[in-house]
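Trainee: Start counting the sequence shown at 14; every next residue gets the next number (our numbering).
If you are wondering where the hints come from, they were derived from the structure by calculation, not from laboratory data.
Mixed in with the good hints, there may be bad ones.
The following label-pair restraints were derived from C-beta to C-beta distances [stated by the list, open to error]:
id : residue 1 : residue 2 : range
1  : Glu-192   : Val-42    : 46 to 56 Å
2  : Asn-64    : Glu-276   : 34 to 44 Å
3  : Lys-224   : Lys-164   : 15 to 25 Å
4  : Lys-224   : Lys-341   : 42 to 52 Å
5  : Asn-238   : Glu-199   : 13 to 23 Å
6  : Phe-246   : Gln-200   : 42 to 52 Å
7  : Ala-36    : Asn-314   : 44 to 54 Å
8  : Asn-314   : Glu-199   : 34 to 44 Å
9  : Pro-32    : Ser-202   : 24 to 34 Å
10 : Lys-210   : Lys-313   : 31 to 41 Å
11 : Ala-304   : Arg-219   : 31 to 41 Å
12 : Gln-200   : Pro-269   : 19 to 29 Å
13 : Pro-218   : Glu-192   : 20 to 30 Å
Glycine residues also receive a C-beta, built at the ideal position from the N, C-alpha and C atoms.
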Amino acid sequence: MPTKGDAVQLTKTWDKTFPKSKAVDHQKVTFKNRYGITLAADLYLPKNRGNQRLAAIAVSGPFGAVKEQSSGLYAQTMAERGFVTLAFDPSYTGESGGEPRNVASPDINTEDFSAAVDFLGLHPAVDRNRIGIIGVCGFGGMGLNAAAVDKRIKAVVTTSMYDISRVAAKGYYDSLTLEERTKMLEQMSQQRWEDAKNGTPASGPRILPEKLKGNEKQFVVDYFNYYRTPRGFHQNSPNSNGAWTATNTLSFMNMPLLTYIKEISPRPILLIAGENAHSRYFAEDAYKAAAEPKELMIIKNANHVDLYDQMDKIPFDKIAEFFNKNMK
């Protein structure tokens, strides 16, 4: 367990799922969010940065992942392109603080992005008027939510974006019936009494199985091939190694994240999705709901998980161009 309460313990060794870049300086940092939870993060700075203040990017995601996985790869790669970057573990996960462990919140995880902006805006290498964010998977939705309310965020990029509140409330492709939704809420409501009696929340089922049985949906296989293999496995990641609490989705089922997406305007949004991603509709619908300026980029022959770590498919040049243009 990397944390006990809010006593954050940071690993000293390089334990990422990607190699360390020689063009970037790296350090472990901590900072607190508005709720007093200590967040752990990896800070990446270009080695050739000189003395000028640079544009900065806060990165998090996917949902259930940690900073040693996809978000760290994004952060390090963008630091190679001249940005100060910060990949953080969301509250209650990874090396970040908060009890109980492995619980998520539409509000607190949105706040985590703003807390990262707090940290970056106080860093001497950062121009606080040029701070953007990248949200991967479920933290794409959280990032859009943060940008709507936090006017310091100048530009937003999402890749393989999920709206966790929508999929929790309505199921994939909005297929959940009212009866099914009611049954889920009744079960979680009853579970609260068990958790209160026991003094600790019960864990839900494993997020991903130990082994595939052969009858899983393709997107589950794709997730497995990232999180449960050496490609993307990390011991701190709930997706690799564990479960959310049994009542984890309660607040997501009742609090739509993208209600105020139009209020990101006039700041720009770039939504990136794989052509073959099961999640593509989240980005397409967010694009329709957002106001200008906005851009939707579909990556040919890419699935949802390809945009976690496949360097030949993640359009890093486009992302760098987008931030350079919009954070002058």
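Trainee: Given the hint of 13 to 23 Å, check if Asn-238 and Glu-199 actually sit that far apart at their C-beta atoms.
Mentor: With Cβ atoms ~35 Å apart, the hint is violated.
Trainee: With respect to the beta-carbon atoms only, verify the hint that Lys-210 and Lys-313 lie 31 to 41 Å apart.
Mentor: violated (53 Å)
Trainee: If you check the beta carbons of Lys-224 and Lys-164, does the distance land in 15 to 25 Å?
Mentor: violated (47 Å)
Trainee: Are Asn-64 and Glu-276 spaced within 34 to 44 Å by their CB atoms?
Mentor: Distance hint for Asn-64, Glu-276 holds at roughly 36 Å.
Trainee: Are Pro-32 and Ser-202 spaced within 24 to 34 Å by their CB atoms?
Mentor: This hint is violated: roughly 47 Å between Cβ atoms.
Trainee: Per the hint of 31 to 41 Å, is the separation of the Cβ atoms of Ala-304 and Arg-219 within bounds?
Mentor: holds (40 Å)
Trainee: Look at the Cβ atoms of Gln-200 and Pro-269 and judge whether their distance stays inside 19 to 29 Å.
Mentor: The hint (19 to 29 Å, Cβ to Cβ) holds, given that Gln-200 and Pro-269 are roughly 22 Å apart.
Trainee: Between Phe-246 and Gln-200, does the C-beta distance stay in 42 to 52 Å?
Mentor: About 30 Å separates the Cβ atoms of Phe-246 and Gln-200, which means 42 to 52 Å is violated.
Trainee: Could you see if the CB distance from Asn-314 to Glu-199 stays within 34 to 44 Å?
Mentor: Holds - the Cβ-Cβ distance for Asn-314 and Glu-199, about 42 Å, lies within 34 to 44 Å.
Trainee: Range hint 44 to 54 Å: satisfied by the CB atoms of Ala-36 and Asn-314?
Mentor: Between Ala-36 and Asn-314, where Cβ atoms are some 29 Å apart, the hint is violated.
Trainee: May I ask you to test the hint 46 to 56 Å on the CB atoms belonging to Glu-192 and Val-42?
Mentor: holds (47 Å)
Trainee: Holds or violated: 20 to 30 Å for the Cβ distance of Pro-218 and Glu-192?
Mentor: Cβ of Pro-218 to Cβ of Glu-192: about 21 Å, so the range 20 to 30 Å holds.
Checked against the numbered hints given earlier, the structure breaks hints 3, 5, 6, 7, 9, 10 and satisfies all the rest.
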